[in-house]
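J.: Here are the chains, one letter per residue:
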Amino acid sequence: MIKKIAVLLLLVLLTGLLGGCWSRKEITEVAIVLGTGVDWTADGRIRLTVQIALPTAFAAEGGGGKEPFSWVISAEGKTIAEAERYLAMKSPRDIYWGHSVILVIGEEMAKKGTGMVTNFFQRDRQPREIMWFMVTKGEAKDILETEMDLVKTSAQAAGFLTRMKTGYSVQLREYAEMLASKGVQPVVTAVEVEEGGVTPQPGQEGKPPRHKHVALAGVGVFKEDKLVGWLDATETRGLLWLKGEAEKGVIIVPSPGEPDKEVSIKIRRGSTKVTPEYDGENLRFDVMIKMEGDMVEQQSREDLAKPEKIKALENAIAEEITKRATVALEKAQIEYGVDIFGFGDAFHRKYKKDWQELKDRWDEEFARAEVSIAVEARVREIGLLTKRASTPEK
Amino acid sequence: MLMVSMVLPTAILTVPAITVNYARQDAWLSVVLATLTGLLIAWLVVSLSLRFPGKNLFEFTEEILGKVPGKIIGLLYIWWFLHTNALIMDEFGGFLCTAIMPDTPPVIFFLVGAIVAGYAVRNGLEVLSRYNQLFLPLILGLLLVVFLLAAKDMKAARLLPVFDAGLIPIVKGVAVPASWLGEIVIFTMIIPYLNKPKEALRVAALATLFTGSFLMVTILVALAVFGPNLTGHWIFPTFNVIRVISIANFLERLESVLIVVWVFGGFAKLGVFYYAAVLGSAQWLGLKDYRPLVAPVGLILVGLAFLCPNIVNLLHFIASGWPPYAIIVFEAGLPLLLLVVAMARGKRGKAVD
Amino acid sequence: MGNFIKPLKAAFPGRGKGKGRGKPPAASQPEDAGLSSASWKDSVLSSNLEANLKQIKAILSKCSDVIYREFVFAQNEQLRLALIYTDGMSDKAQISEQIMRALALEVPMVVPGQEITKARALEFIKQRGLCVHQINETGKLQDVIHAILSGDTVLQVDGHATAIINGARGWEARKIAEAESEPTVRGSRESFTETLRVNTSLIRRRIKSPNLKIEALRLGEVTDTDVVIAYIEGIVNDKLVAEVKSRLERIKVDAILESGYIEELIEDNPWSPFPTVNHSEKPDRVAAMLLEGRIALLVDGTPFALTVPNLFVEYLQASEDYYERFLFTSTVRLIRFLAMIISLTLPSLYIAVVSFHYELLPTTLLLSFAAQHEAVPFPVFISVLIMEITFEILREAGIRLPRPIGQAVSIVGALVMGEAAIRAGLVAPSTVIVVAMTGIASFTFSYSVSIAFRLLRFALMVLTAALGLFGLISGLAIIVIHLCTLRSFGVPFLSPIAPTTGVDLKDVFFRAPWWAMFSRPRLIARQDQKRQEQGLKPTPPETRSKK
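Chains as they are written, first to last, in our numbering: chain A, 3 to 396; chain B, 26 to 378; chain C, 44 to 590.
Don't read these hints as lab results, they were simulated from the structure.
Remember, predicted model here, so these are calculated numbers, not experimental data.
A few of these clues could be false.
Heads up, simulated PhoX-like pairs for lysine-lysine below, C-alpha to C-alpha not over 25 Å straight-line [unchecked claim]: (1) Lys361(A) - Lys228(A); (2) Lys245(A) - Lys177(B); (3) Lys275(A) - Lys177(B); (4) Lys184(A) - Lys180(B); (5) Lys180(B) - Lys250(A); (6) Lys92(B) - Lys275(A).
Modelling step: build the complete structure from the supplied sequences, incorporating the hints.
T.: Dropping the structure here:
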């Protein structure tokens, strides 16, 4: 008897399983979001913009051509979740965040505070913590609405750009980490839309250029979760040096013998060590930057393949790096008054107890602190040439 | 026949939930301490068992204390096994529900978990241990590989400074891991059936050490990837760690590995406690064979699992309510009491060959 | 076509003179004995040739292929002899030359002039008259009938209540050919045939040890099939032999036409999709199994021999693995293992990832899939199900169709139908690939377990369609637990993986070279585990010392 009841129960259960498969969403029922943008509208609401991939355009065979690759829609709401619901009214398919590559915050929204934004994306299980986090001057919507040439969508383009780490790249989780720590203030990659591409044909001047693309443009500086300023591309290089994350890039220095001509050095490796010194009163940071690079280009004619020339070159590099770092430092200390370099964390590591006192007013302390920068540069390789080969011998 | 692997899933699987622990950068030290307590409990438990060869917890309890108190304590333990099992189910389902399949009602996870674990239990201890032998290496291997892959995102600097807030938070952090490690008490139900009982102490110690160190590694990895402040923000840090892995822009999206590990391991752990509960109930009721009890106990388990209304309650309970109740009463207190009484009364079991 | 001899059961009574004379017991009156099917089995022959013949003809009535040849003894014309055999199963040359000629013609040349009485005739014939290589004597009617129906020739001498059974069998049989179900690149290509004696000889040639025991018995009420149990005494577990015998004795069925019948009747777990009894067509493989301490069952009428006990790991092994060098075969074995997993889980994984867990795919792949599925009206699960079923139908059709058409169907089926299905918008290209991969993967390992996997694959697909990755994993867990519970004749099915018997692991996922495999599987060969001495690793010869 019991067996029969058990079997019956089992059957009921099984039909339940087959009938409704709750989490199952067919792939054709889903709108795959590639890039997300959040703006703050003039009337105080949050506008959520998503760039949705159009699958047929991505098909392995065929597709492409004149078809658009993505579809951009926006909706407004008081919170992100509400905006998402309104999006659902426009999109015939469920929004799926799992493949969103970037999250762009518009300027106004960033000034208001990102806290309202990031919470949603961290809590929900679909968006990924390794989304690239970006700010833009202007509106995030524009970024997403830009069509790109080399890559199919602007979201992917921005993703690839940041991945190459030519500027400062921040993932959502890294941002969250910076936010969570009192020892460092967040900085976030900045992107903007640039114009470029085909020159207009005669007779078509006056029309807007046909191609715009998305480009990296330095970083945005935050205090807590609010945007306070920008660092342009050069200043960002300084930031990278101070944070110890310079990986790629080129440094131009004047040639030792001919200061009006330039020599290009490509960065191979860089490391930074920050040592705090505190005696209860005065705060000092000793920054030691080490760098290794290769010479890749020379505009001067002199023969640089001599040890003393190389030494001079190295000194010039060190100077240049110091200059860049100082520029970034001053901007952070003086203009914005935020410790975006993580000196606070370094201080915390060394002076545990003092940190407890200072941590709540760290930014002020930081602004007052003395920072000395020392750079050790080394040139490793100089390529295949000994001297510049593309001018006739004298 | 029975291998060390039997005991490991007891705690390994709750590792991700443990890391819920309000971890600061020294949380891993808490685990080290917790391992020590775990070892103590293991020693306690094994000594107790070895005094009464061939008898499991329920049997020797009655011997030591007499029938009535023995039965009462037996009942308490049955309750404990069931409750723990229900907790495990809650975690099991909680994780799956939150992280993987949010639209599915957790009852499905409970049911399937009960069915699979029940199937194994019904077929005996041997089957459980074989299943373990198969999967444990797989699980551990996968986890290790995954941790290695995360090495790219780890920064040792995030772990400094050590002893940031002093010793006290470390000690506070010991409670939860210790309560998990102390689950080795369940070993008492299994020792009687080992082929080589003399090795029991070694096995238990090894298991505790191993589990403890694995736990420690997990926490270390999470801390190294996210830093002390952020790690505590996630409910399942290990999950997020795995999500972060991205090698050569190709090897991404590995969280399925964690799902596999979690589910296989979850079944194992459910199986162990389920077995203990069923065996205990059978003996308590005086039945010869425990098999008919498998289904009813399963249903009870599913029912109990419903007790936990949401994940917040669950976490809160694990963090604060569970440790004292578990450690003091069941894992250390009662065994200690039993051992003392046994020694005082000079009770010993007869040697069984 | 040679002569095939069958060793008769030593239990045959009636040797010698004791029973020969006198009247047979009352139970076998010439008239009524032999007419009711129950009683003739116990009756014995009478000493009257006519009566015996009549009895036999009555039992074997309407058997037009049974020939009765009566003749007279050369030396004594009063003595009548009768020869009974089945046409088509007997070696006619032997009968004519060695029996008839010897007895009807040539006896006088041996003992000219000597008087051989009726009474002494039998003895004389047995000792000197018959020039046949194997004879046996019986008084029981049942043995006589069995002998006739097995192809032996029965000689009845008037005046004696026993018959002489001559082993003069001969019939058309399939030659020893290449094994069709287990092709190999290297190693013996011989396969068993349908004749039991050939098969036992194939094994005997490979194991020339006196410990190779071959015990015979007959199963099947109506078919009376000859079955042989082979094992190597001293290596095999005696309890296992006893167990096998007891299970065989329990079998009381009408017919044993193929070893599969026996397999189903003695296996441990009839409800499990996994077989606990293995079978093989190749003598070298069976010989290897015997050497590991297993038991083989050979059945007359089929080239498939059964081996017992059966372990899961056997499905990962092919006999070729042991003939090529170990580095290569270890890799191949790993690939086989991978193929096993693919063939079981790939469709389910596909369903899980495309219906539930999009985050597991790289973006571009996901978009590509999405694009493909745009054109397909069905949910992914149904799509995959349709393709899988189609594939199964094709596969079965490929086997059943007559040879020339069969090739066409498989190629046509695969390519054209796949293409056409895609064009028609019934399935997505990725689905076709998934199903094709699965199918191909399932051919890499042993057929018997791949059928189990085929079934399970469908079950897993359903589970996955319901519960996603969780369903898949739960399904796998259940399958694994089930495997853990299986035992094959007392040996756990999953050893040596679980329970882990460390030393035996050498032969599971990879194959250790021969010089390292110095012990036999621990749980099977209880008695003698040492296979060879340690330290057999070959080393280059000592460098030549200066001379």
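J.: Could you run down the list of hints and mark each one as holding or not?
T.: Taking the hints in turn, this is what the structure says about them:
no.: 1; hint: Lys361(A) - Lys228(A); verdict: holds, 19 Å
no.: 2; hint: Lys245(A) - Lys177(B); verdict: holds, 18 Å
no.: 3; hint: Lys275(A) - Lys177(B); verdict: holds, 20 Å
no.: 4; hint: Lys184(A) - Lys180(B); verdict: holds, 18 Å
no.: 5; hint: Lys180(B) - Lys250(A); verdict: holds, 20 Å
no.: 6; hint: Lys92(B) - Lys275(A); verdict: violated, 70 Å
Violated hint: 6 only; the structure is consistent with all others.
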